[in-house]
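Student: As a plain string of letters, each chain reads:
Number of protein chains: 2
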Amino acid sequence: MRQMVFALTAVAALAAGVAYTAAASAQAEGEAAPVFGIKLPPGYRDWRLISVAHEEGMLNDLRAILGNDVAVTAARNGTRPFPDGTIIARLAWDYAPLAESEKAFGHHQSYVAGTPKNGVQFMVKDSVKYASTGGWGFAQFNDGKAADEAVINTCFGCHAVVEDRDYVFNRYAP
Amino acid sequence: MRQMVFALTAVAALAAGVAYTAAASAQAEGEAAPVFGIKLPPGYRDWRLISVAHEEGMLNDLRAILGNDVAVTAARNGTRPFPDGTIIARLAWDYAPLAESEKAFGHHQSYVAGTPKNGVQFMVKDSVKYASTGGWGFAQFNDGKAADEAVINTCFGCHAVVEDRDYVFNRYAP
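The listed protein sequences derive, respectively, from chains A and B.
When we follow numbering that gives the first Met the number 0, the leftmost residue of the first sequence carries the number 0, and every step to the right adds one.
When we follow numbering that gives the first Met the number 0, the leftmost residue of the second sequence carries the number 0, and every step to the right adds one.
Bear in mind the hints are in silico, worked out from the structure with no lab data behind them.
Don't take every hint at face value.
Because identical chains share one entry, a pair is satisfied inside a single copy or across any pair of copies.
Calculated cross-link-like contacts (lysine to aspartate or glutamate; reagent style EDC-like; alpha-carbon spacing at most 20 Å) [stated by the list, open to error]: (1) Lys38 <-> Asp142; (2) Lys144 <-> Asp165; (3) Lys38 <-> Asp83; (4) Lys38 <-> Asp125; (5) Lys102 <-> Asp147; (6) Lys38 <-> Asp147; (7) Lys102 <-> Glu162.
Keep in mind the model is a prediction, meaning the values are calculated, not measured.
Turn these sequences into a full structure, and let the hints guide you.
Tutor: In structure tokens form, the structure reads like this:
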């Protein structure tokens, strides 16, 4: 079951990546994503870094996990569950070989963040409003446009794998 | 020659990683690194994200590039050369498979930041003070302790590969 959930999520994320590429332009930040009603948090790109990751396979990206102040403080201090007001952002980019180092080494050595892909995802903690999903609401935006309900509905099933870490995969990277 | 410079840098970085592991504890932030006299910038872990990367081979890490306000503004705007006052930080962590997703997928899927490795490196722009090295001073700290001169002297030779990008490998990840 878990494998299926992961696979579905991967497919959904891939589809979202395609949708991102096809999107004509960024939509208004005021558009709320379906299911949890979350809007694109303004200024999230300026948030501090929680950690970084690389996804293989169909996702094939480099990603960064950023957090608002509540999130970063809790992540650093190991506060679990995360307090209400926590917002965690997952950004992702194409997994791109760096030509300069490939040339120098004679083989792939460095992979860097290319163009954005797989959308920008958010987890928002509100223990009352989102009580039925572990206190978390989920959202994804592809080039500023909210992903549809089918995508959003895959989020919680996958994050349930790490229920014992308050549904958060990432750990703070010091 | 370039291959040799890269190889030497990789070895130096690897050695620094070993030194980091062996370091008993963090040293005072006031210790200046050799050659360029740079001290560990306070609060760098709170700086904003410029980009992320993965290095293969001996380095085998996930890394994040952070910048102080001058650096991030210039990186975003494509300002080259970077203005004096720019400080760019390169953090790195062990390239660690995430057990939860490996279990779910049946193979490695997610790699995340593990324990810190390969030190924390800095580039500091001062077009007068560091005129002989493209306006950049370099430093590395392993668990807070400045890396020795042999390590620091490998920096500029490698960054000269991207002289046309003001000696900076990374590009801003939007």
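Student: A separate judgement is required for each hint: does it hold in the structure or not?
Tutor: How the hints compare with the structure:
1. Lys38 <-> Asp142: within (13 Å within a copy, 40 Å between copies)
2. Lys144 <-> Asp165: For lysine 144 and aspartate 165, neither the intra-copy (27 Å) nor the inter-copy (35 Å) Cα distance is at most 20 Å.
3. Lys38 <-> Asp83: Answer is within; shortest intra-copy Cα gap is 16 Å, inter-copy 38 Å.
4. Lys38 <-> Asp125: Within. Shortest intra-copy distance 14 Å satisfies the 20 Å Cα cut-off; inter-copy 41 Å does not.
5. Lys102 <-> Asp147: Neither: 42 Å inside a copy, 28 Å across copies.
6. Lys38 <-> Asp147: within (13 Å within a copy, 49 Å between copies)
7. Lys102 <-> Glu162: For lysine 102 and glutamate 162, only the inter-copy Cα distance (15 Å) is at most 20 Å; the intra-copy one is 44 Å.
In this structure, the hints that do not hold are numbers 2, 5, in rising order.
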